[in-house]
Structure formats: structure tokens, C-alpha cells
Amino acid sequence: MANRKDRQRFERMMLGHLDAAYNLALWLVRNPSEAEDIVQTAYMRAFEHFHTFNGGNAAGWIMTIVRNTAYNWLNKQKRNSNLISFDEVLHSSGQHTHSTANEMNPANIVASHASSVHLMEQMERLPVEFREALFLREIEGYSYKEIAEITQVPKGTVMSRLSRARGQLQNLLVEQQKRKQNRGV
Amino acid sequence: MACKELQQNIEAYLDAELTLSDRRDFEEHLGECQDCQAMLENVRALNKSIQKIGYVSRPASLRRNIKHGLRDITGEESSSFNLNQLLGVGGASAAFASLTVWFVMSFMVGLPMQVQLTDELISAHVRSMMADHVTDIASSDRHTVKPWFNGKLDFSPMVLDLKDKGFPLVGGRLDYLQKQPVAALVYQRRAHVINLFIRRSDQTAQTSAASLTQQQGYQLLSWQQQGLQYTLVSDLNAKELQEFSQLLHGTGH
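Chains A and B, in that order, are what the protein sequence lines are. Residue 1 is where the first sequence starts when you use the working numbering, and the numbers rise one by one after that. Residue 1 is where the second sequence starts when you use the working numbering, and the numbers rise one by one after that.
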């Protein structure tokens with residue numbers, strides 16, 4: 001049974017990652033009060049399983065538990081609603097969805113000027129797995145290998161998710177930009 | 001050309017995931033391929049704007065709630081007072097011993113604390129009507145009342161409107177009991193005002209049956225649900241108050 005010493009050790013190692021944990025949960029479930037509940041639940045679960053933590057990467061360990069808790073919640077929601085299920089199409093190397101350089105030029109302008117709010121709006125339209133990969137890569141700065149460990153998929157899947165996430169996000173931003181221009185004319 | 005193949009390295013290059021030799025090959029190619037340069041700049045710009053999103057700040061209550069929850073798991077008191085230390089024993093026996101002491105103490109200390117709480121609850125109820133300050137947020141719409149508590153409490157109170165059962169919601173109010181902020185929901189039954197106080201429970205039991213107390217002509221009905229303590233206070237008769245508590249109780253949230 002966990003005692004005071006365990007708790008203090010746990011707090012020392014894990015409470016420092018609370019911002020990362022909360023923001024990850026928020027990116028995944030997109031609802032502040034649910035994100036808060038998820039992080040709270042995840043931390044309680046983590047403490048109950050603290051004896052299984054091997055002393056390695058504390059941030060990665062707690063993030064794994066947070067994202068698993070978030071996915072449990074999302075799956076429950078999915079059963080209750082018609083959340084679009086993301087069909088993971090393999091990660092074969094030919095699947096990258098880059099458009100040509102010319103087509104991507106407008107996106108360049110959009111991307112470099114897109115406010116965080118607009119970007120987040122479009123981000124929410126991506127499959128949850130894509131948002132997760134982007135968060136872990138761009139906000140947290142994890143390597144492919146670390147992301148693979150946290151999200152429990154092969155490294156190739158991480159690469160393909162990131163690539164498709166960026167491709168789709170660019171396209172969404174271009175569309176958004178076009179809509180704005182049309183309205184402006 | 002080799003370009004198509006190398007294009008796929010753009011992201012891995014930016015993500016610093018290429019091996020040294022792949023990196024060298026790619027940079028060499030980049031020097032002579034404008035298409036790849038343009039694409040690289042696109043992805044780089046996108047990455048930068050994603051990075052700029054950064055963190056939003058977490059609710060202040062989160063850290064506190066987690067620390068509180070951890071102490072619940074270890075069975076520690078939330079104060080600095082620690083039974084294990086006091087007893088000077090370790091491991092499972094300490095946990096058992098502290099549990100025993102906790103039970104004994106709750107019998108000794110529990111009673112006066114309960115009396116004190118009852119007094120406070122009645123005072124809060126009376127005060128709410130005397131000062132003409134029944135509600136901070138007057139609304140019969142639970143979707144207005146519930147969010148109003150956001151950021152004011154470290155839990156989210158259950159808000160139900162039972163108008164169709166003859167207990168319309170009047171509004172909500174923030175109150176302060178036993179040194180902690182509590183939610184007060186105000187309902188009405190004919191001319192009777194009912195205060196429903198919801199606060200974080202300090203008991204270990206997650207759920208308990210309702211218990212009735214009568215004092216100074218007021219009825220108090222208390223129960224625990226999902227780690228929260230609910231207390232109804234009103235001058236309404238006990239029977240109807242029981243009925244109301246069952247409506248609140250039974251529906252979960």
C-alpha cells in the first residue's frame with residue numbers, strides 16, 4: 001500500500017508535468033472541464049500503479065496514462081454519439097499527401113500568419129490521433145521514438161500520422177483562406 | 001528523379017530524425033532543388049505556427065485536487081498532522097493502525113464537528129434570506145447556473161431543475177462553510193425556500209444514505225454522493241424534503 005513517502009516521491013516526479021498533461025488532454029478532448037477530470041483521474045491511476053514505474057522517463061510515463069485515460073473517455077463518447085471514427089490506413093511510405101510546391105504557396109502565407117485561434121479551429125477538424133502526434137512533436141518536442149512509446153504504435157505510424165496531419169492542416173488552412181477571400185470579393 | 005524520394009525526407013529533416021548520411025544527402029539535394037526548398041519552408045512555417053499555440057494555463061484547482069486525491073489514497077490527513085509519524089511504525093501495520101485511530105478519533109471528534117456544521121448550515125440558510133441575498137445568479141435554467149460556478153469552486157456541482165416535480169430552481173450562490181467555498185443551489189417549494197449546499201466531502205465514504213436532522217424549526221437532510229456532501233436546509237416539512245432529496249439523489253447527475 002502506498003504511503004506518505006511514495007506520495008512525496010510521486011509528487012516530486014509527476015506534478016511538474018501537470019501543464020503538459022492538461023494541455024495534452026485538452027488537445028485530445030477539446031473540453032476544459034473534461035480535460036481537468038481526465039488529468040485528475042489519470043494522476044490517481046498513475047499513483048495507484050506507481051510501483052510499476054521503472055524510474056525511466058517520468059514525463060513519458062505520465063503522458064501515456066493521461067492519453068489512455070483521454071481515449072477511454074473519447075471511446076465512451078463515441079459509443080454515445082456518432083463521432084467519426086478514424087480509419088488508420090497503413091503507414092506505407094507512398095501515402096504522404098504533399099501537394100506540389102506551387103499549390104502549397106498559399107498555405108505558406110496562411111500558416112505563417114495564422115493566429116493560434118484559427119489554427120486551433122482547423123486543428124480540431126483533424127482526427128484525434130493526428131492532433132496527438134502534432135502536440136507531442138511540436139508542443140512537447142518529443143522524438144518519433146518517444147511518441148511511438150507514448151502512443152503505443154510503431155515509429156512508422158508516427159511518421160505517417162505527422163505527415164498526414166501536417167498535409168491535412170495545410171489544406172484546411174488553404175480552404176479557410178479561400179473562403180475568406182471569396183467573402184472579401 | 002531522386003527528388004520525389006527525397007521530398008519525403010523534408011519532415012524527417014525538420015524533425016531532426018534523419019541519420020547523418022541521409023541528412024548530408026538531403027542537404028546536398030536541397031541546395032539545388034527549389035521545389036524542395038519551397039516545400040521545406042512551407043512545412044517549417046506550419047510547424048512554427050503550431051509551436052506558437054503553446055500551452056493554455058491549467059485550472060488552479062487541478063493541482064490542489066490531485067494532491068488532495070493522493071492523500072485520500074495514502075489515507076493521510078490533508079493537514080501536516082501525520083498519524084504514521086506520530087505512531088512511529090511503518091508499512092501496512094501503520095496504515096492499519098492509523099485507520100483504527102482514525103475510527104476512534106472520528107467518534108470522539110466527529111460529534112462536535114457535526115453539531116458545528118449543522119449550526120453553520122442553518123446560519124447560512126437563514127442569512128441567505130435575511131440579507132435578501134438568496135442568489136448570486138438568479139436563473140431557472142440549469143445550463144446558466146452550472147457554468148456560473150466554473151472557476152469559483154474546485155468541483156462542478158450537479159444542477160438539476162425539478163420544476164415539473166414542483167421544485168423549481170431559483171438560482172445559485174457561492175457560500176463559505178467550514179473554511180471552504182461551497183455551492184448553494186436555491187430551490188422553491190410553494191413559499192418555502194430550500195438551500196441545497198454542495199461541498200467537497202471530508203469523509204472517506206463516497207456514498208451514503210440520507211440522514212435527517214431537525215433544529216430550530218429547520219430540517220437538514222444530508223447525504224454523500226461521489227465524494228461530495230449534499231445538504232438540504234429548509235423549513236419545509238421533512239416528508240417533502242425527503243421526497244426532494246430522492247429526486248436529486250436518484251437521478252445521479
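No wet-lab data here; the hints were simulated from the structure. Be aware that a few hints might be false.
Stated by the list, open to error - Here are the simulated BS3-like pairs of lysine-lysine, each with C-alpha atoms no more than 27 Å apart in a straight line:
{"id": "1", "chain 1": "B", "residue 1": "Lys48", "chain 2": "A", "residue 2": "Lys155"}
{"id": "2", "chain 1": "B", "residue 1": "Lys146", "chain 2": "A", "residue 2": "Lys76"}
{"id": "3", "chain 1": "A", "residue 1": "Lys145", "chain 2": "B", "residue 2": "Lys239"}
{"id": "4", "chain 1": "B", "residue 1": "Lys52", "chain 2": "A", "residue 2": "Lys78"}
{"id": "5", "chain 1": "B", "residue 1": "Lys152", "chain 2": "A", "residue 2": "Lys145"}
{"id": "6", "chain 1": "B", "residue 1": "Lys179", "chain 2": "B", "residue 2": "Lys146"}
{"id": "7", "chain 1": "B", "residue 1": "Lys146", "chain 2": "B", "residue 2": "Lys163"}
{"id": "8", "chain 1": "B", "residue 1": "Lys163", "chain 2": "B", "residue 2": "Lys239"}
{"id": "9", "chain 1": "B", "residue 1": "Lys52", "chain 2": "A", "residue 2": "Lys180"}
{"id": "10", "chain 1": "B", "residue 1": "Lys163", "chain 2": "B", "residue 2": "Lys179"}
{"id": "11", "chain 1": "B", "residue 1": "Lys52", "chain 2": "A", "residue 2": "Lys178"}
{"id": "12", "chain 1": "A", "residue 1": "Lys155", "chain 2": "B", "residue 2": "Lys239"}
{"id": "13", "chain 1": "B", "residue 1": "Lys163", "chain 2": "A", "residue 2": "Lys5"}
{"id": "14", "chain 1": "B", "residue 1": "Lys67", "chain 2": "B", "residue 2": "Lys4"}
{"id": "15", "chain 1": "A", "residue 1": "Lys145", "chain 2": "A", "residue 2": "Lys155"}
{"id": "16", "chain 1": "B", "residue 1": "Lys67", "chain 2": "B", "residue 2": "Lys163"}
{"id": "17", "chain 1": "B", "residue 1": "Lys152", "chain 2": "B", "residue 2": "Lys179"}
{"id": "18", "chain 1": "B", "residue 1": "Lys52", "chain 2": "A", "residue 2": "Lys155"}
{"id": "19", "chain 1": "B", "residue 1": "Lys67", "chain 2": "A", "residue 2": "Lys145"}
{"id": "20", "chain 1": "B", "residue 1": "Lys67", "chain 2": "B", "residue 2": "Lys239"}
{"id": "21", "chain 1": "B", "residue 1": "Lys165", "chain 2": "B", "residue 2": "Lys52"}
{"id": "22", "chain 1": "A", "residue 1": "Lys180", "chain 2": "B", "residue 2": "Lys4"}
{"id": "23", "chain 1": "B", "residue 1": "Lys165", "chain 2": "B", "residue 2": "Lys67"}
{"id": "24", "chain 1": "B", "residue 1": "Lys48", "chain 2": "A", "residue 2": "Lys178"}
{"id": "25", "chain 1": "B", "residue 1": "Lys146", "chain 2": "B", "residue 2": "Lys165"}
Quick caveat: nothing in here was measured; it's all calculated off a predicted structure.
Hints, verified against the model:
1. B:Lys48 with A:Lys155: Holds, at roughly 23 Å.
2. B:Lys146 with A:Lys76: With Cα atoms ~23 Å apart, Lys146 (chain B) and Lys76 (chain A) stay inside 27 Å; holds.
3. A:Lys145 with B:Lys239: violated (63 Å)
4. B:Lys52 with A:Lys78: Distance ~30 Å between Lys52 (chain B) and Lys78 (chain A) Cα, so the pair is violated.
5. B:Lys152 with A:Lys145: violated (41 Å)
6. B:Lys179 with B:Lys146: Since the Cα atoms of Lys179 (chain B) and Lys146 (chain B) sit roughly 22 Å apart, the hinted pair holds (cutoff 27 Å).
7. B:Lys146 with B:Lys163: Answer holds: Lys146 (chain B) to Lys163 (chain B) is near 16 Å, not above 27 Å.
8. B:Lys163 with B:Lys239: holds (18 Å)
9. B:Lys52 with A:Lys180: holds (22 Å)
10. B:Lys163 with B:Lys179: violated (32 Å)
11. B:Lys52 with A:Lys178: Answer holds: Lys52 (chain B) to Lys178 (chain A) is near 23 Å, not above 27 Å.
12. A:Lys155 with B:Lys239: violated (64 Å)
13. B:Lys163 with A:Lys5: violated (50 Å)
14. B:Lys67 with B:Lys4: Roughly 53 Å separates the two Cα atoms, so the pair is violated.
15. A:Lys145 with A:Lys155: Roughly 6 Å separates the two Cα atoms, so the pair holds.
16. B:Lys67 with B:Lys163: Between Lys67 (chain B) and Lys163 (chain B) the Cα gap is close to 38 Å, so the pair fails against 27 Å, i.e. violated.
17. B:Lys152 with B:Lys179: holds (14 Å)
18. B:Lys52 with A:Lys155: Given that 27 Å is the threshold and the Cα spacing comes to 25 Å, the pair holds.
19. B:Lys67 with A:Lys145: Measuring from Cα to Cα gives roughly 31 Å; hence the hint is violated.
20. B:Lys67 with B:Lys239: At roughly 40 Å apart (the allowed maximum being 27 Å), Lys239 (chain B) and Lys67 (chain B) break the hint.
21. B:Lys165 with B:Lys52: The hint is violated at about 51 Å.
22. A:Lys180 with B:Lys4: violated (33 Å)
23. B:Lys165 with B:Lys67: violated (40 Å)
24. B:Lys48 with A:Lys178: Within the cut-off at roughly 22 Å; holds.
25. B:Lys146 with B:Lys165: Since the Cα atoms of Lys146 (chain B) and Lys165 (chain B) sit roughly 20 Å apart, the hinted pair holds (cutoff 27 Å).
Hints 3, 4, 5, 10, 12, 13, 14, 16, 19, 20, 21, 22 and 23 from the list above are not met by this structure, while the remaining hints are.
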